[in-house]
Amino acid sequence: MGNILIISENDAILSRYKNLLNNQNIHVSSCCTETSIYDSLEVEPADIVIIDEKIEHPDICSIVKKIKSSFENIQILLIKKDETIDENLSKYINGYLFDSFSDDILQSTISVLLKNKQTADSLSEKNKALSGSLYRLNVLYNTSSHFAGTLDTKKLIEYMIEGLDKSLSFDLTCTISCGSDNEPVLIINSLYDISEELINALKFRSVLHYKSLFEGTKQPFEVDDTDLKVIKIIKNPNNKFTFSIFQYDNMFAPIDLGDNFFGCIEIFKEKPFTTDDATYFQTIVQQVSLPLKSAGLYEKLKKLERIKSEFISIVSHELRTPLTPIKNAISILASGQCGEMSEKAKVFIDMAKRNVDDLTNITNDILDMNKIEADMMNFNYSSMNIHSVIENVKNSYDLEAKKQGINLSTQEQDNLPEIYADSHRLGQVLKNLVSNAIKFTPEGKSVTIKSELKNAESIDKNSYFEKDLKALNGDYVVVSVIDQGIGIKSDDIPKAFDKFTQLENSLSRKVGGTGLGLPIAKRLIKAQHGAIWCDSEENKGSSFYVAIPVHNGSDKNS
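As numbered in the numbering used here, residues 1 to 558 make up the sequence shown, in order.
No lab work stands behind these hints: they were computed from the structure.
Yeah, the Cβ is synthetic: ideal placement off N, Cα and C, and Gly gets one too.
Any given hint might turn out to be false.
With beta-carbon atoms standing in for the labels, derived distance ranges [as the list claims (entries may be wrong)]:
#1 R205 - A148: 29 to 35 Å
#2 F379 - E44: 56 to 62 Å
#3 E9 - S335: 37 to 43 Å
#4 E44 - G132: 39 to 45 Å
#5 D491 - T242: 42 to 48 Å
#6 Q411 - K155: 45 to 51 Å
My request is simple: use the sequences and hints to build the entire structure.
As structure tokens, then:
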């Protein structure tokens with residue numbers, strides 16, 4: 001079932017198209033005034049808009065431009081008497097319907113475009129779902145890393161609430177926690193302000209929840225709603241919640257780990273929680289308990305960390321599974337096996353392909369980091385020459401660089417000695433560096449891959465990476481990726497290799513990513529007894545260096 005809007009003043013055209021399309025299980029509506037066009041699209045969005053070129057008012061070009069700018073993914077066809085083409089108008093429409101077309105051709109043309117539109121919409125929705133899952137996965141990683149960095153109970157509760165807010169976008173949470181001073185406290189995090197009467201009701205409800213966990217058993221700490229201390233954190237004090245908050249969907253969970261009880265939390269949201277929401281809620285609430293374990297429970301903590309790692313690995317693999325059929329579907333559509341596509345449809349298919357590739361890369365990054373942290377990354381070492389790796393990397397990014405208007409070149413020293421390394425992992429590192437350089441380099445500038453032989457003593461000791469560089473000893477093949485891009489602020493250079501870090505500037509926000517590429521690269525190079533570092537100046541470009549030791553005849557990496 002599709003929706004089509006016909007814009008025409010010609011009764012014969014309206015009659016012909018309505019008769020043709022209504023028989024195809026397509027809902028057809030029509031209008032001819034500017035106001036009615038946009039009102040119709042607002043009330044009932046159309047998949048396809050068919051415009052009669054003979055309509056007098058309003059101007060067709062202005063109609064088309066406004067529709068394209070106001071309604072996402074909408075397809076536009078123009079009914080024409082002859083085969084003359086308006087080049088200016090062609091930029092905005094998806095195809096033409098000529099009066100000379102037979103009914104069968106008209107039906108087929110519209111049917112194919114409608115199917116392409118629906119397929120593109122379906123792929124877009126799947127991409128959004130995958131992006132949402134990956135975003136939540138990143139939240140879990142970030143939240144977990146925050147938990148691991150402190151034993152402050154108040155901080156841990158803050159990180160838990162922050163993680164829940166990012167992954168679930170709650171309206172209100174009530175958390176009973178026993179703070180460092182051993183005094184129970186109710187922490188209320190709310191989207192809007194709340195009255196004293198509502199606070200008292202929330203206190204009473206939270207205490208009942210807490211006591212219900214220990215019916216017939218001793219409570220870890222005594223709680224009374226009349227004197228329970230309240231910490232209130234309000235995001236938007238200009239609005240206020242009413243008692244209707246109790247009609248919202250809610251989830252409740254204790255914050256504990258085995259015999260250790262740390263509190264309980266209830267979360268409210270106006271929209272119903274999904275099964276996935278419940279999984280993320282339980283996962284984050286369970287994670288906050290881990291750092292609260294004492295040193296005597298350290299081994300149990302390590303076991304739970306392994307469970308977390310396995311959970312992330314499973315989720316990542318499950319995210320990769322649907323990417324293969326989506327890729328295949330896109331390839332089939334792009335090949336024309338489902339019919340010829342309009343240029344606009346091809347643009348959307350290319351867009352879907354790029355997003356699927358990005359999601360695949362993000363998932364692979366997460367899996368690689370998970371393997372590295374679990375010490376499960378496999379390496380296949382061999383004696384090799386760096387030239388072949390650099391050539392492969394350059395060939396992989398030549399086309400992308402040209403598309404971006406960037407000159408990608410190499411400057412390789414002749415007769416470099418062999419190194420003992422994993423060519424695949426080394427190529428992975430260099431590809432990441434070149435890909436980043438292209439992303440952050442403006443059109444018309446250049447990216448250069450350089451190789452040379454250096455002794456550890458002759459390598460410039462960058463102060464930010466002094467510890468790693470001082471550890472180098474002997475001869476190294478140093479590969480440099482030098483760009484003329486946006487550069488990195490001096491204060492941000494030490495953060496470049498931090499996990500999940502996206503250095504703050506407008507272009508980095510635009511290109512996005514997991515923030516795992518450079519941390520993975522650092523660990524892959526360290527495993528091969530090398531070093532990776534960078535020099536950069538804001539607005540003048542960056543140089544990333546990889547040093548791999550020259551092969552001395554022994555298989556020290558194996």
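We went through each hint and held it up to the structure:
1. Checked against the given bound of 29 to 35 Å, the beta carbons of R205 and A148, roughly 32 Å apart, stay inside it.
2. For the hinted restraint 56 to 62 Å between F379 and E44, the CB-CB distance of approximately 58 Å keeps it satisfied.
3. The hinted window of 37 to 43 Å between E9 and S335 holds, with their beta carbons roughly 40 Å apart.
4. Separation of E44 from G132 is about 27 Å and departs from the stated range, judged on CB atoms against 39 to 45 Å.
5. The beta-carbon spacing between D491 and T242, approximately 46 Å, falls within the hinted interval of 42 to 48 Å.
6. Our hint of 45 to 51 Å for Q411 and K155 holds, since their Cβ atoms are close to 49 Å apart.
The earlier numbered hint that this structure contradicts is number 4, and it is the only one.
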